[in-house]
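Those protein sequences? They're chains G and E, same order as listed. Numbered per the working numbering, the first sequence spans residues 1 to 409. Numbered per the working numbering, the second sequence spans residues 410 to 494.
Derived from the structure by calculation, the hints contain no laboratory data. Yeah, the Cβ is synthetic: ideal placement off N, Cα and C, and Gly gets one too. Take these hints with a grain of salt, some might be off.
Sample of chain E residues at the chain G side, in silico, Cβ under 10 angstroms [said to hold, decoys possible]:
no. : residue
1   : Lys-424
2   : Phe-425
3   : Glu-426
4   : Thr-428
5   : Val-429
6   : Glu-442
7   : Ser-445
8   : Ala-447
9   : Val-448
10  : Glu-450
11  : Ile-453
12  : Glu-462
13  : Asp-464
14  : Gln-467
15  : Met-472
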Amino acid sequence: MKLAQERIAVTGVGLVTPAGVGAARTWEAVCTARSTAATDQNLAGLPVTFSCRVPGLDAAPGPRSWRHDRYTQLALLAASEAVADAGLDPRAWAGTRVAVVLGSAAGGISTYEEQHAKLLRTGPESISPLTLPAFLPNMAAGQLAIELGIRGPSLHTATACASGATALITAAQLLRDDLCDIAIAGAADSMITRLCAAAFAKMGALSRRNEQPESASRPFDTQRDGFVLAEGAGILVLERSADAAARRARPYGMLDGCAATTDAHGVTAPDPEGRGLHRAFELALADADATARHVDHVNAHGTSTLLNDRMEAGVLSRLFAAVAPSVTSAKGALGHTMGAAGAIEAVLAVLTLQHGLVPPIANLCAVDPAARPLDLVSGRARQQTVDLALSASSGFGGHNTVLAFRPAI
Amino acid sequence: MDSAYQHLVDVLTDKFESTVADMNPRTTLAELELDSLAVVELFITLQDHYGVELDDSQARPEMSLKDIVSLIRAQLNAEGRAERL
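Okay, chain G solo, but in the shape it has when bound (with noise of 0.2 angstroms):
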């Protein structure tokens, strides 16, 4: 059991979502299931002409500079509201003992991709000096050390869509060292490119539903086809509980355990048996001093795809059979934010703990026959008093990350 000063507590959570910027915006779509997927004039004669991405971005304060591929936008956005909402202020606090990590499965591509057809269209004195910053997938973690004043470590994760939550794993490692006293942790990604959506449509991972975009990311459900393109960023102030409490910030929640694993089966697919995220769940689990029947509530991974949902429906089904925690799929509001989920997914576990409330799952209608043992939440939020939530990430590459959250005291 780990002692009450050791453990990690999440003192500030950040959200710019396609439900808009600020956390408040995303709470409010997935607890009334409002879907944010539309059609994209970007996408307009690529198989796939829809997408999620974040409204009102232009009219949204702080730095909007040229320097800054779009992801990198969405992650200060996040940081400013998570660490604001910590009562931290970056202008006094000891830099040297701050780190970030931040994760993104895609980094500055929009950037790459322009400058890229820039180079081929006008040749090589016509591309920005700024190429290298704006696309390397690091660079949103060194902006937000520049305009934070963020001096302690400071890196970048990527684990394809597990990139956030293993950016949240990271940073407690960093804190439980005492390489920090505050980690600025979560992701971004801002990949709805021709290129990805293209690419992501030849392999058959996105949904088709073009005439009907707003019904498109049905995770757990019989007519779901495939994913839905998002962008987004999620940030969380985590520190060590004795240091919150020294300061007296209140937490929204405790990250208990962690765990990672890897399915060592294909670069795409899931195992279809589901083994890696089991050991995940059940690590993560031990790691919180906790089994099984503890669990109350499970944010899952719930892409909306064939493969995903029945392995993960599989996985829940045989972990939790005795038990039924509610689970439930942000996907199917807010799509499918790529490196970036794993970390609004702990900002929504966090928020489910702090107001008692367990979002329903966008567009489920008829529930697949694999996951009929669980009980998914649909339809209206539910009221529920949570002691123990669960959020699941799974990755290209076949990375498994499993977070366990607890309240605060």
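Assemble chain E onto chain G, guided by the hints.
Only chain E this time, still in chain G's reference frame:
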């Protein structure tokens, strides 16, 4: 001055978020506090707009906005495309 100068001012205030007070044709790149990469980016931005090659190696900190407009005008004239001003 003219539409080319106005366009340059617009780019500096919109894209580069320049907050220099009293921006005028004699304002220099140094006074705009644009670092070397930003100067290159400025030239590429203008290059894209006018469809003409602008050699950023000619840029100097003491170069004024009037100098940049002259450079654009000279290049467009040389390519026989002065109407793009």
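Given Glu-462/E as an interface hint, is its Cβ closer than 10 angstroms to any Cβ of chain G? Glu-462/E check passes; min Cβ-Cβ to chain G is 7 angstroms, inside 10 angstroms.
Hold the hint about Ser-445/E up to the distance rule: shortest CB distance to chain G must be less than 10 angstroms. 8 angstroms, holds
Hint validation: Lys-424/E versus chain G, beta carbon distance must be below 10 angstroms. Holds or violated? 5 angstroms, holds
Identify whether the interface hint at Ile-453/E stands, where standing means a beta carbon of chain G within less than 10 angstroms of its own. 6 angstroms, holds
Hint check, Gln-467/E versus chain G [nearest Cβ-Cβ separation less than 10 angstroms]: 13 angstroms, violated
Minimum Cβ distance from Val-429/E to chain G below 10 angstroms? 17 angstroms, violated
Does Ala-447/E pass the interface hint, meaning its C-beta sits closer than 10 angstroms to a C-beta of chain G? 8 angstroms, holds
Next item in the hint list is Glu-426/E. Is there a CB on chain G closer than 10 angstroms to its CB? Hint holds; Glu-426/E Cβ to chain G Cβ min 7 angstroms, cut 10 angstroms.
Do the numbers back the hint for Glu-442/E, that is, is its least Cβ distance to chain G under 10 angstroms? Since the shortest Cβ distance to chain G is 14 angstroms, the answer is violated.
How about Phe-425/E: closest beta carbon in chain G under 10 angstroms, or not? At 7 angstroms from the nearest chain G Cβ, Phe-425/E passes the 10 angstroms test, so the hint holds.
At a threshold of 10 angstroms, is the proposed contact between Asp-464/E and chain G supported by beta-carbon distances? Interface hint status for Asp-464/E: holds (9 angstroms vs cutoff 10 angstroms).
Against chain G, with CB atoms and a cut of 10 angstroms, does the hint on Met-472/E hold up? 17 angstroms, violated
In terms of the numbered hints stated before, the structure departs from hints 4, 5, 6, 14, 15, listed from lowest to highest.
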